[in-house]
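First to last, the sequence lines map onto chains A and B.
Sequential numbering of the first sequence, starting at 1, is according to the working numbering.
Sequential numbering of the second sequence, starting at 151, is according to the working numbering.
What the hints contain is simulated information worked out from the structure, not anything from laboratory work.
In this text, a Cβ means the ideal position worked out from N, Cα and C, and glycines have one as well.
Hints are not guaranteed to be accurate.
[Unchecked claim] Derived Cβ-Cβ restraints for the label pairs, each shown as a range:
no. : chain 1 : residue 1 : chain 2 : residue 2 : range
1   : B       : T269      : A       : K41       : 40 to 48 Å
2   : A       : Q84       : B       : D271      : 33 to 41 Å
3   : A       : I138      : B       : T266      : 17 to 25 Å
4   : A       : Q84       : B       : C221      : 54 to 62 Å
5   : A       : G104      : B       : A242      : 45 to 53 Å
6   : A       : R136      : B       : P272      : 22 to 30 Å
7   : B       : W209      : A       : R136      : 57 to 65 Å
8   : B       : E265      : A       : K148      : 37 to 45 Å
9   : A       : R136      : B       : C221      : 38 to 46 Å
10  : A       : E146      : B       : A242      : 14 to 22 Å
11  : B       : P272      : A       : P80       : 25 to 33 Å
The primary structure of each chain is shown beneath.
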Amino acid sequence: MNWLRSMLVLLAALLGTLLARTAVTDQSVRFQAVDIFIDSKETPLAAYQLEFSSRNGDAKVVGVEGGEHPAFKEAPFYDPKAIQHERVIIGAFNTTSGGHLPKGKTRVATIHLQITRERNPDYALKVETAATLEGRKIVVETTYVERKPE
Amino acid sequence: MPEQNQHPEEESLQAPEKLVEALNRLQKERLFVPPMMDQAVLREARRHLPRLERPQARWKPWLSWAAMAACLALAVWMGERFSSPTRARPFALEDINHDGLVDILDAFALARRIETGGTLDPRWDINGDGRVDRSDVDAIAARAVNLAQATPAPKRSADLSPHGAGAISVWRTEVRAPFCGKGVLGVNVLPASWRYLFSAHRSAELHSAVSQSCTLPTAGIRRRAGPIPRSADFKSAIRQIENLRYKTSARGTENRLFCEQVLPAMWRQHASEDRGNHS
Chain A
1 MNWLRSMLVL LAALLGTLLA RTAVTDQSVR FQAVDIFIDS KETPLAAYQL
51 EFSSRNGDAK VVGVEGGEHP AFKEAPFYDP KAIQHERVII GAFNTTSGGH
101 LPKGKTRVAT IHLQITRERN PDYALKVETA ATLEGRKIVV ETTYVERKPE
Chain B
151 MPEQNQHPEE ESLQAPEKLV EALNRLQKER LFVPPMMDQA VLREARRHLP
201 RLERPQARWK PWLSWAAMAA CLALAVWMGE RFSSPTRARP FALEDINHDG
251 LVDILDAFAL ARRIETGGTL DPRWDINGDG RVDRSDVDAI AARAVNLAQA
301 TPAPKRSADL SPHGAGAISV WRTEVRAPFC GKGVLGVNVL PASWRYLFSA
351 HRSAELHSAV SQSCTLPTAG IRRRAGPIPR SADFKSAIRQ IENLRYKTSA
401 RGTENRLFCE QVLPAMWRQH ASEDRGNHS
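Extracted from the complex, chain A is given alone in its bound form (with noise of 0.2 Å):
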């Protein structure tokens, strides 16, 4: 009876290794969200496009938000190829008056993201393009913040 014993036992630790290296593989795998904010100064914000991408493809889009701001509260548009990839063009408008829209530092839009990694994913965030209500380009400044898990 001792093998027997002996072989429970074994066949124990065998399982639980197995058990213990699935949860490490779950635990590499991990979601993400990222607040994309402008800052368009003094200026009324009625549009803009930006590209969003994971430097090091360690992260892929898994979704796209809207922003705070009511003008810009829809989710943006941006191509559904992008989902599962690494990169994203994101872009939103709003027609309403100059009034309706925001000025400074506003998140326009959230990206969530799938982390396949343990390490922290790098992200580069390009603006090609934001305008006036009157479609003038305007100069503005994108920040990305990435969400702290609650």
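Let chain A serve as the given structure and place chain B on it in line with the hints.
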């Protein structure tokens, strides 16, 4: 010893003495030709010679200027045709604001026109439903954020690293032949890490009339055009990348392993060979 005459025919060329005397006498007794005779001969000659002359084209200065202008125009046309393959094209239908780009501002401009009741061009019916409305705005916006038509990602130094080799560039080379339009030479898929070799190995036969453009690879990452490596490496890369494309469509895991292991190994091998060749 008397010198032998090796040219006996010269003796026969000597004129007889009588002839020589007659000629000498002729030189002394010169004939007087009156000026009237000279003028008469000259007048007859002038009358006769124009009939023998060929009609010659008269030199026209304006013709040379026209030829010079034609040459200049031809040179400008050839230079424009062969040196700038990305010459200005007509604006795309979606380019509402005519800034040369199809971006969200075009959708914004059309939306503003629709809302303000401005003049709508029938050509802005992008989706072809016979009306210019909000659906056309959405169509323009969809094209603006389309990954396939967007500008390529900027070049980064990290692309030259072995990790950057995982990024694949798709090459399209258009060769413009004189009077034959243009044709696509081929589609080559190259690791982005080999792009640094491009300047050194750009082949002369392609250099003259080549334009490069790149499109999205299967992974969805759009990059700038990569280098043209040496022919052996080039063929090897093509085989490897064709294999990669298959694997990409099959399983993403193999794609990742390939990008992380095989391509960096190829890159290192190529770099070591290149260093050996330079040394």
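Of all the hints numbered above, which does this structure not satisfy? Sort the numbers upward.
Numbers 1, 5 and 10, in rising order.
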